[in-house]
Amino acid sequence: MTNAELFRTCPRTGLQFHKSAETLIKLNAVAAVLALLLGGIIALLITLTRWQAVHLLNAENFYMYLTAHGLDMLVIWIIFFEIAILYFCSSTLLRCRLATPKLAWLAFALMVIGTVTFNATIFTGNATVMMTSYVPLPGHPAFYLGLILFAVGALIGCFVFLGTLVVARAEKTYEGSIPLVTFGALTAGIIAIFTIASGAIILIPTFLWSAGYIKSIDPLMYRTIWWAFGHSSQQINVAAHVAVWYAIAAIVFGAKPMSERVSRTAFVLYILFLQLASAHHLLADPGLSTEWKVFNTSYAMYLAVLASMIHGLTVPGSIEVAQRGKGFTRGLFEWIRKAPWSNPVFSGMFISLIGFGFLGGISGVMMGTEQLNMLIHNTIYVPGHFHATVVIGTTLAFMALTYFLIPTLFNREVILPGLAKWQPYLFGLGMGVFCLAMMGAGTLGVPRRHWDITFAGAALPYEFPGAAWLMLAIVGVSGVVAIIGGAAYILITVGSLLFGKRLDAGAYGHETTVLRMPVDTALTGHGHAGFVAPGTFVFALVFLTAFILYYFVNWKYLSTVWGLS
Amino acid sequence: MSAIQPPAQRIWWKQPLDKVELLWIAIAFTWCLVMFFMMPYWHVYGKQNLSSETYRVKPELFSRAAEEMVAKWKVREETDAKIPVVAPPAGADVYLIARLWDWWPLLELEKGKTYRLHLTSMDYQHGFSLQPENINIQVLPGYEHVVTVTPNRAGTYAIVCNEFCGIGHHKMVSKIYVK
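Heads up: the protein sequence lines correspond to chains A and B, in order. Using our numbering, you'd call the opening residue of the first sequence number 1 and step up by one each time. Using our numbering, you'd call the opening residue of the second sequence number 1 and step up by one each time.
Careful, some of the hints might be misleading.
[Unchecked claim] Derived DEER-like restraints, expressed as beta-carbon distance ranges:
#1 LYS556/A x THR148/B: 18 to 28 Å
#2 GLY125/A x VAL44/B: 25 to 35 Å
#3 LYS47/B x LEU272/A: 31 to 41 Å
#4 GLY466/A x THR148/B: 52 to 62 Å
#5 ILE167/B x ARG169/A: 50 to 60 Å
#6 ARG116/B x TYR557/A: 50 to 60 Å
Just so you know, the hints here were simulated from the structure itself, not pulled from any lab data. Please read these numbers as outputs of a predicted model, since none were measured by experiment. All C-beta atoms, glycine included, are put in the ideal place defined by N, C-alpha and C.
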């Protein structure tokens, strides 16, 4: 096919890059890594403050930095990277030109301007309101404005992605249906549009309130709508990093999905049950009925949880099938023992999957149970949970993908391969211990977003048990380990882009090829006892056992506390 | 490289499922239903359920109710700030004010007795965190949340604020005595 646009084909992977798309993917990825750098430096300061024995920052700076850390990590790093993924999954995977590159540039500019605006407001001490900026705690109008500009930019990015899918279909750049990974990205894109709209619905009036045009914002209304933004954005992350898991399984192992139908249905469940109101953030709130809470936290069936449990089986399951096909068929687990554990693309992805499921998933469902929520609401257990989902789950999956993108997209060899080999372990395991210790401290009642658990200066201080101090010390040490792992990632990424050996990029030209449907291969023939992926099934049962035990341990504890009705 | 390629079959949605997937979906879905039914089950048979009784309230009216309660049932004062300690009778309406940056007044309750605890905030959002029980409830301005509590062990408990409420957040801590 001949095009007006310029394309190149990567000689190592065969992926076809549209020139404008390539530039925008690179820019968004670089902006993401810079946000990660900023958020990571702040992470060190915060961690060393919550480590009560070190207690580095003063209260004012602690809360200011905590506000910036939440937004720069949870929103800026992740969404810039997700925009890069959306462009990659549409333009690159479908071998198609990016729709409206000019709008994509506008999106990028708005996101950068927004980021700079709200960061400047925070760092001048004018918006120490935490990431959630719960009203009526006041922030400077520029803070909300910055967030709105960023959100509008991201929204435009999502529409460029959708436009690219339309272009690919219209120009017939692929055969059959879109690939599963693109389907996952589409899921993330659809959720993102809904999410960002919710953000706008609440942040625009809050901006007007802070500027003095609206008298007051109801705090419960704010929380309800804000969490439709705040929680659904985590669902964008989940959809995006699950898509990345599938992509990495395909890239590293040549794994094909066990069943397109199951995996795609599971993605659709994310869209349908992403919890419009994200009720589990409001379970300890006044003003909402019990029936509303019980129904909306689960939609009676926990189908979004079911979707994650499905992906948790089908991703490693597809790897197992691919490995067994290559001859790793001994026993239940040879396929995983002989996996390329020293390849950071794989190890990062697999630690992400395990950490997301065991630490983030189980704790998340416990927290989302109406009565159990009372045991951990606003304790440091909550950040323990979401660091498992967003840092081990999403961030580590994105890091793993980066090691693939450096040679493919940036045409550079990864520098410091020895360090790169260890980076996912340092980061993932450091973060795993960090999350567990935070959850432990939260179980002992340690509050989140709290400068000083000795309550210095209070008339009637409370003394937390020694175990809580120990947990916070473990948070400090493991946090530093994880930050070293994060620093290694930034060093390798930035270093490779600047100093890595240049690789052959393939020449730009106007010729493109259509993405063909692959030859069908049978799924079965290598498993055990009629199961194509028996090892994965055993893993899944171990997971379920841990889940059930932990869930009921919490009910048991709940039954011992004060009576409440 | 198939997850990044189109499905191998044009009509992929008619592909039969493998046993592993089917079995796992059935098990996982059953577990999801169990988790849902635990919540209504606990409302019927469990003794720890958060009340949803809530009223809109003006801060002045709530503080007046709290002051009247203090006048009626004050037993002593504590600390240099002379914070009143209130010992309400069983079944009483108990008003607890959350504000920058304290809880007012102090409470003295009896083990095994039930009280109607009214919570609201005078200003920003706060978090009622009862330690070491670790019961945590959000406190919003403008909303009066009535929670029925039954302390089941004697001792000195703390109320920690666990919603960020400004620079003095860490000083916002109080006590509940249970006899």
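Against the structure, the hints:
1. A hinted range of 18 to 28 Å for the beta carbons of LYS556/A and THR148/B is consistent with their spacing of about 22 Å.
2. For GLY125/A paired with VAL44/B, a C-beta distance near 51 Å fails the hint of 25 to 35 Å.
3. Restraint check, LYS47/B to LEU272/A: a C-beta distance of roughly 35 Å satisfies the suggested window 31 to 41 Å.
4. At roughly 33 Å, the beta-carbon separation of GLY466/A and THR148/B lies outside the given 52 to 62 Å, and the hint is violated.
5. The hint said 50 to 60 Å for the Cβ distance between ILE167/B and ARG169/A, and at roughly 55 Å that hint holds.
6. With their beta carbons about 25 Å apart, ARG116/B and TYR557/A fall outside the hinted range of 50 to 60 Å.
In this structure, the hints that do not hold are numbers 2, 4, 6, in rising order.
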